[in-house]
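Engineer: If you count the sequence shown from 1, position 258 lands on 258 in this note's numbering, and the numbers rise without skipping.
Simulated from the structure, these hints should not be mistaken for laboratory data. Just to be clear, a hint being listed does not mean it is correct.
[Said to hold, decoys possible] Ranges between beta-carbon positions, derived for each pair:
hint : residue 1 : residue 2 : range
1    : Thr190    : Gln59     : 42 to 50 angstroms
2    : Arg207    : Ala63     : 20 to 28 angstroms
3    : Glu86     : Asp42     : 23 to 31 angstroms
4    : Ser191    : Glu117    : 21 to 29 angstroms
5    : Glu123    : Ser191    : 34 to 42 angstroms
6    : Thr199    : Ala63     : 37 to 45 angstroms
[Unchecked claim] Pairs of lysine-lysine, DSSO-like flavour, derived with a Cα cap of 30 angstroms:
hint : residue 1 : residue 2
7    : Lys146    : Lys12
8    : Lys38     : Lys22
9    : Lys58     : Lys18
10   : Lys58     : Lys23
11   : Lys12     : Lys38
12   : Lys58     : Lys241
13   : Lys22     : Lys146
14   : Lys18     : Lys100
15   : Lys100    : Lys146
16   : Lys38     : Lys146
17   : Lys84     : Lys22
18   : Lys22     : Lys58
19   : Lys100    : Lys12
20   : Lys84     : Lys146
21   : Lys38     : Lys18
22   : Lys23     : Lys38
Backbone N, C-alpha and C fix where the C-beta goes; we use that ideal spot for every residue, glycine too.
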Amino acid sequence: MFQYAVRGHDMKNCPTPKDLAKKIAHYQLNNVQFAMTKLFPDIGDLTSMNPGLGTFFKQTFAAEGIQIALLSCYSNLIHPDLEKREALLTRFERYLAHAKYFGAAMVASETGSALPEMGYTEENFSDAAFEDLVGVIQRLVAYAEKQQVMVGIEAGLNHPLYSLDRIELLLERVPSAYLGIIFDPTNLITSNDYPMQATITEEAFARFGDSIVCLHLKDYRITNSQLQVVPLGEGCIQYQKILAIVARYKPYCYVVLEGTTDATLPRACITVSMQSVRNFRKGIEKRKDHEHFYLLTKS
Numbered sequence: 001m002f003q004y005a006v007r008g009h010d011m012k013n014c015p016t017p018k019d020l021a022k023k024i025a026h027y028q029l030n031n032v033q034f035a036m037t038k039l040f041p042d043i044g045d046l047t048s049m050n051p052g053l054g055t056f057f058k059q060t061f062a063a064e065g066i067q068i069a070l071l072s073c074y075s076n077l078i079h080p081d082l083e084k085r086e087a088l089l090t091r092f093e094r095y096l097a098h099a100k101y102f103g104a105a106m107v108a109s110e111t112g113s114a115l116p117e118m119g120y121t122e123e124n125f126s127d128a129a130f131e132d133l134v135g136v137i138q139r140l141v142a143y144a145e146k147q148q149v150m151v152g153i154e155a156g157l158n159h160p161l162y163s164l165d166r167i168e169l170l171l172e173r174v175p176s177a178y179l180g181i182i183f184d185p186t187n188l189i190t191s192n193d194y195p196m197q198a199t200i201t202e203e204a205f206a207r208f209g210d211s212i213v214c215l216h217l218k219d220y221r222i223t224n225s226q227l228q229v230v231p232l233g234e235g236c237i238q239y240q241k242i243l244a245i246v247a248r249y250k251p252y253c254y255v256v257l258e259g260t261t262d263a264t265l266p267r268a269c270i271t272v273s274m275q276s277v278r279n280f281r282k283g284i285e286k287r288k289d290h291e292h293f294y295l296l297t298k299s
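With these hints in hand, go ahead and build the complete structure from the sequences.
Structural biologist: The following block contains the structure:
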């Protein structure tokens with residue numbers, strides 16, 4: 001079984017925090033990945049961040065039985081303009097300092113890009129870009145350790161954290177229990193190797209599963225040799241195999257249904273719930289087999 005979540009900004013027509021909480025609860029989900037500035041930009045800027053604001057959101061969601069699982073602060077952490085980068089890192093640290101008031105276990109972001117507009121550049125694959133990233137993550141994690149809140153980092157093909165090798169190396173360079181990986185298997189495939197998605201997921205959990213703190217489940221179709229995001233259950237993602245892998249390594253892990261909006265969420269919830277039941281039954285059967293084997297060896 002898992003702790004399923006939605007991204008708050010995938011929910012439509014929610015003008016107030018209370019509306020958002022009620023809509024998520026309507027779909028019988030208990031967790032949200034909360035991007036405050038995307039949802040409520042008028043109250044989500046850096047200067048307005050304070051303990052009371054975090055408590056307000058925590059209480060509003062809790063009234064509907066919902067927890068803020070991830071506090072999103074997605075930004076270009078390696079922005080080439082050092083003055084702008086400092087502002088972004090200060091913002092991230094501000095989120096880390098206030099995450100406990102929101103009730104969030106982690107603050108999440110992708111790594112960013114060597115380009116200011118976050119576009120594709122081969123410079124992202126250079127050792128220099130990676131070293132730049134390591135320095136940034138070391139700073140953020142050192143601050144997170146003081147706040148006792150996790151830094152959740154998401155990898156992607158066009159980022160300096162573009163492969164399993166790079167993820168593992170980052171974890172070696174920043175050896176802290178307060179650095180967690182948000183693993184999105186769709187972020188690490190192309191139109192050429194997508195049939196290997198479950199294999200890549202298995203390898204990731206085998207290599208650094210201890211550091212994976214959340215799974216993003218994002219479905220897709222292949223259109224003109226490009227991955228196009230679609231609602232869960234309508235594309236190519238091998239969600240049955242992927243969820244079975246996660247269930248073995250990380251029971252009750254956060255699983256965010258990314259890119260699935262209101263209209264398609266009921267179907268997606270049924271899809272993943274059925275798979276969760278199958279995984280749970282398999283787990284019971286395995287435990288029974290182990291118990292039976294133990295009794296045989298003791299007799």
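Engineer: Please go over all the hints and tell whether each is borne out by the structure.
Structural biologist: Comparing the hints with the structure gives:
Our hint of 42 to 50 angstroms for Thr190 and Gln59 holds, since their Cβ atoms are close to 43 angstroms apart. In this structure, Arg207 and Ala63 break the distance hint of 20 to 28 angstroms, their C-beta atoms being roughly 40 angstroms apart. For the hinted restraint 23 to 31 angstroms between Glu86 and Asp42, the CB-CB distance of approximately 25 angstroms keeps it satisfied. Under the hint 21 to 29 angstroms, the C-beta atoms of Ser191 and Glu117, about 24 angstroms apart, fit the expected range.
Checked against the hint of 34 to 42 angstroms, the pair Glu123 and Ser191 fails, with Cβ atoms roughly 23 angstroms apart. Between Thr199 and Ala63, the C-beta spacing of about 43 angstroms keeps the proposed range 37 to 45 angstroms intact. Restraint check for Lys146 and Lys12: not satisfied, since their Cα atoms lie roughly 36 angstroms apart, outside the 30 angstroms limit. Using a Cα cut-off of 30 angstroms, the hinted pair Lys38 and Lys22 holds, with the two alpha carbons roughly 18 angstroms apart.
Straight-line distance between C-alpha atoms of Lys58 and Lys18 comes to about 11 angstroms, which keeps the hinted pair within the 30 angstroms bound. Annotation: proposed proximity of Lys58 to Lys23 holds, straight-line Cα distance about 16 angstroms (limit 30 angstroms). Distance check on the hinted pair: Lys12 and Lys38 sit about 12 angstroms apart at the alpha-carbon level, within 30 angstroms; holds. Straight-line distance between C-alpha atoms of Lys58 and Lys241 comes to about 34 angstroms, which puts the hinted pair past the 30 angstroms bound.
For the suggested pair Lys22 and Lys146, the alpha carbons sit about 34 angstroms apart, so the restraint of at most 30 angstroms is broken. Simply put, Lys18 and Lys100 have alpha-carbon atoms about 20 angstroms apart, close enough for the 30 angstroms limit, and the pair holds. Using a Cα cut-off of 30 angstroms, the hinted pair Lys100 and Lys146 holds, with the two alpha carbons roughly 12 angstroms apart. Under the criterion of a C-alpha separation no larger than 30 angstroms, the hint pairing Lys38 with Lys146 is consistent with the structure, at around 27 angstroms.
The suggested pairing of Lys84 with Lys22 is violated, with an alpha-carbon distance near 37 angstroms, which exceeds 30 angstroms. Straight-line distance between C-alpha atoms of Lys22 and Lys58 comes to about 13 angstroms, which keeps the hinted pair within the 30 angstroms bound. At most 30 angstroms may separate the alpha-carbon atoms for a hinted pair to count; Lys100 and Lys12 meet this at roughly 27 angstroms. Between Lys84 and Lys146, the direct Cα distance comes to roughly 24 angstroms. Compliance with the 30 angstroms bound is thereby established for this hinted pair.
About 16 angstroms separates the Cα atoms of Lys38 and Lys18, which keeps this hinted pair within 30 angstroms; it holds. Between Lys23 and Lys38 the CA atoms are separated by roughly 17 angstroms; this keeps the pair inside 30 angstroms, and the hint holds.
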